[in-house]
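The lines below spell out each chain.
2 protein chains.
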Amino acid sequence: MTIILHSLCGTDTKRPFSPHCWKAVMALSHKGLDFVERPVPFTEIPALENGFSRTVPILNDNGHLVSDSFAIALYLEDTYPDRPSLFKGEGGKAMARFVEGYTQTVLQAALMPIIVMSIHDILPEKDKAYFRESREARLGRPLEEVVATRAEAEKAAFPGKLEPLRHMLKFQPYLGGDSPLFADYILFGALQWARVTSGSLPLSADDPAMEWFGRCLDLFEGRGRHVTAA
Amino acid sequence: MTIILHSLCGTDTKRPFSPHCWKAVMALSHKGLDFVERPVPFTEIPALENGFSRTVPILNDNGHLVSDSFAIALYLEDTYPDRPSLFKGEGGKAMARFVEGYTQTVLQAALMPIIVMSIHDILPEKDKAYFRESREARLGRPLEEVVATRAEAEKAAFPGKLEPLRHMLKFQPYLGGDSPLFADYILFGALQWARVTSGSLPLSADDPAMEWFGRCLDLFEGRGRHVTAA
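So the sequence lines, in the order shown, correspond to chains A and B. Throughout, the working numbering is defined as the position within the first sequence, counted from one, plus 9. Throughout, the working numbering is defined as the position within the second sequence, counted from one, plus 9.
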């Protein structure tokens, strides 16, 4: 009986980098479940689990399949209610969707122009073509032009976008309060995506937001910290 | 036995406008508690309840005094546990601090240059002097210059700042999930502040964020909607 998490990597299977897969890794670890992470490149996702999903993460819990990181967290909370909660109540579950909104529409949108070439460069050749085509369609211009026109401005503006987190950190060490919850892993996933693909974050070491990120990297025997950029 | 909420107004006591006081009004209404709201101008706050707090809201629950909107919500949750919950669990309580951070550092910071003269203009004369001096110190320049240099750009950028809310509204009608919680009242307070002082919001009527705001205005027999700009 095994729990398998299908996740995403480039040429190096030891460096899974998807923000959404990191959320699932942290959620499984939070629940204290044994699982095997199996990272694959973008172009191998459609063949996973007989074409179950176009995106990872995909969870296979002894034959039960779930895709989408938030759906996986909800599934784990329902299926393993006696293990540490990922939401601590219905309010926490609902507000985690707002944290997801902030993370995706503010942070990930800002990080993409900064790290898009770093992501491209760590992919195997056939993934590079897929990635370039799909992301250039989404971003509306060649990747090199996205970086040339937007990366420096986004880097400079990035620290300011974490002000909501810094305000919160005046009152408590985690989004979950005294200890982390799934909402922390949502935000962690975005910063870990940038860290693993590009090797750095546009934040200073003494920033309270970086200190929070450091605490998350240390969780679960340093599961996040052990994965570094090439 | 009476619950009194000291709040903030300009010359017209029927138009309380403080975002923080609106959070407390909505929290008391959510708990189904009878209370009397007593709005005063800025310069009368120091004399309230024998100088208890430099800021409103101040709650007087039969002699027990509490200031600060979040502290008031926590007090109500602890003191009236059998009435509808404002947080629905410890996770919701913790994440409401993040919503507070987003609302204050992103939304209120953006709205201030847009509405600062509207606020000034509805104040009694002695409040105008206090408001101008304290806000010009905070904003670093004359109010008229803040408006002239920043208001139009902030108006244009404002709809984009609600993207985290719009993402969330794809999944649920309120930050609290199926029904509103204190986190909704936090965000509501910021928009109600702009609506009551300036008469409008820099959002289009068919924006899902405006539809959410409309649902909040309708709560508690239209408590928020009954208060309009002069």
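Hints in this document: simulated from the structure, not taken from any laboratory. Keep in mind that the hints are not guaranteed to be accurate.
Identical copies carry no separate label here, and so any pair may be met within one copy or between two of them.
[Claimed, not checked] Only pairs whose alpha carbons sit at most 20 Å apart, straight line, appear in this in silico EDC-like list of lysine to aspartate or glutamate:
1) Lys164 <-> Asp87
2) Lys135 <-> Asp70
3) Lys40 <-> Glu99
4) Lys179 <-> Glu99
Bear in mind that the values here come from a model prediction, so they are computed numbers and not experimental data.
Right, here's what the structure says about each hint:
no.: 1; hint: Lys164 <-> Asp87; result: neither (39 Å within a copy, 43 Å between copies)
no.: 2; hint: Lys135 <-> Asp70; result: neither (30 Å within a copy, 67 Å between copies)
no.: 3; hint: Lys40 <-> Glu99; result: both (18 Å within a copy, 18 Å between copies)
no.: 4; hint: Lys179 <-> Glu99; result: between (24 Å within a copy, 18 Å between copies)
Checked against the numbered hints above, the structure violates hints 1 and 2; every other hint is satisfied.
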